[in-house]
Amino acid sequence: MKIGKWKRKNVSLVLFDLSHVNNALQRYDTQPIHGIIGADILKKGKAIIDYPKKTLFLK
Numbered sequence: 017m018k019i020g021k022w023k024r025k026n027v028s029l030v031l032f033d034l035s036h037v038n039n040a041l042q043r044y045d046t047q048p049i050h051g052i053i054g055a056d057i058l059k060k061g062k063a064i065i066d067y068p069k070k071t072l073f074l075k
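Whatever position you read off the sequence shown (first residue = 1), add 16 for the numbering used here.
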């Protein structure tokens with residue numbers, strides 16, 4: 017898995033079709049959702065979330 021410069025091998029993934037979510041969000045003129053990052057990845061990456069800057073840091 018690669019998110020920006022952060023890379024890990026042998027990561028288990030679960031994939032969901034989010035087209036129904038994105039179809040519903042079109043009514044509100046929002047950006048589409050490309051995926052959901054789970055707590056397990058955030059923990060492995062020692063995530064830091066900067067909410068004001070809308071930035072995710074993974075170590």
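Treat the hints with caution; some may be incorrect.
What the hints assert, rightly or not - Calculated lysine-lysine pairs in the DSBU-like style (CA-CA distance at most 35 Å, straight line):
1) 62 to 75
2) 21 to 75
3) 69 to 23
4) 25 to 59
5) 69 to 21
6) 25 to 70
7) 70 to 59
8) 75 to 59
9) 23 to 60
10) 23 to 59
11) 23 to 62
12) 75 to 25
13) 21 to 62
14) 23 to 70
15) 21 to 70
16) 60 to 75
17) 70 to 18
18) 25 to 60
19) 69 to 25
20) 21 to 59
21) 70 to 60
22) 59 to 18
23) 75 to 23
24) 62 to 25
25) 18 to 69
26) 75 to 18
27) 60 to 21
28) 69 to 59
29) 18 to 60
30) 62 to 18
Hints in this document: simulated from the structure, not taken from any laboratory.
Against the structure, the hints come out as follows:
1. Distance hint between residue 62 and residue 75 is fulfilled; the C-alpha atoms sit about 6 Å from each other, no more than 35 Å.
2. Taken as a hint, the residue 21 and residue 75 pair is honoured in the structure, with Cα atoms around 9 Å apart against an allowance of 35 Å.
3. About 22 Å separates the Cα atoms of residue 69 and residue 23, which keeps this hinted pair within 35 Å; it holds.
4. Pair hint residue 25 plus residue 59 holds up; C-alpha atoms about 15 Å apart against a cutoff of 35 Å.
5. Our distance criterion of 35 Å between C-alpha atoms is met by residue 69 and residue 21, whose separation comes to about 18 Å.
6. Annotation: proposed proximity of residue 25 to residue 70 holds, straight-line Cα distance about 26 Å (limit 35 Å).
7. For the hint pairing residue 70 with residue 59, the CA-to-CA distance comes to about 18 Å; that is within 35 Å, so the pair holds.
8. Annotation: proposed proximity of residue 75 to residue 59 holds, straight-line Cα distance about 10 Å (limit 35 Å).
9. The hinted pair formed by residue 23 and residue 60 meets the criterion: a straight-line CA distance of about 11 Å does not exceed 35 Å.
10. As the CA atoms of residue 23 and residue 59 are separated by approximately 14 Å, the hinted pair is consistent with the 35 Å bound.
11. For the suggested pair residue 23 and residue 62, the alpha carbons sit about 13 Å apart, so the restraint of at most 35 Å is met.
12. Taking the CA atoms of residue 75 and residue 25, the gap is about 15 Å. The hint holds against a cut of 35 Å.
13. Between residue 21 and residue 62, the direct Cα distance comes to roughly 14 Å. Compliance with the 35 Å bound is thereby established for this hinted pair.
14. At roughly 21 Å between alpha-carbon atoms, residue 23 and residue 70 fall within 35 Å of each other, so this suggested pair holds.
15. Using a Cα cut-off of 35 Å, the hinted pair residue 21 and residue 70 holds, with the two alpha carbons roughly 17 Å apart.
16. Distance restraint check for residue 60 and residue 75: the Cα-Cα separation of roughly 9 Å lies within the 35 Å cut-off, and the hinted pair is therefore satisfied.
17. Only pairs whose Cα atoms come within 35 Å are accepted, and residue 70 paired with residue 18 is accepted, the gap being roughly 19 Å.
18. Distance check on the hinted pair: residue 25 and residue 60 sit about 12 Å apart at the alpha-carbon level, within 35 Å; holds.
19. Between the alpha carbons of residue 69 and residue 25 the distance comes to roughly 28 Å, so the proposed pair stays at or under 35 Å and holds.
20. In summary, the hint linking residue 21 to residue 59 is supported, as the alpha carbons are separated by about 16 Å, within the 35 Å threshold.
21. Note on residue 70 and residue 60: the hinted pairing holds, with a Cα-Cα distance of about 20 Å set against a maximum of 35 Å.
22. For the suggested pair residue 59 and residue 18, the alpha carbons sit about 15 Å apart, so the restraint of at most 35 Å is met.
23. Between the alpha carbons of residue 75 and residue 23 the distance comes to roughly 10 Å, so the proposed pair stays at or under 35 Å and holds.
24. For the suggested pair residue 62 and residue 25, the alpha carbons sit about 16 Å apart, so the restraint of at most 35 Å is met.
25. A threshold of 35 Å between alpha carbons decides the hint, and for residue 18 with residue 69 the separation of about 21 Å falls inside it, so the pair holds.
26. Note on residue 75 and residue 18: the hinted pairing holds, with a Cα-Cα distance of about 12 Å set against a maximum of 35 Å.
27. Our distance criterion of 35 Å between C-alpha atoms is met by residue 60 and residue 21, whose separation comes to about 14 Å.
28. Our distance criterion of 35 Å between C-alpha atoms is met by residue 69 and residue 59, whose separation comes to about 20 Å.
29. Only pairs whose Cα atoms come within 35 Å are accepted, and residue 18 paired with residue 60 is accepted, the gap being roughly 13 Å.
30. For the suggested pair residue 62 and residue 18, the alpha carbons sit about 15 Å apart, so the restraint of at most 35 Å is met.
The structure is consistent with each of the numbered hints, conforming to all of them.
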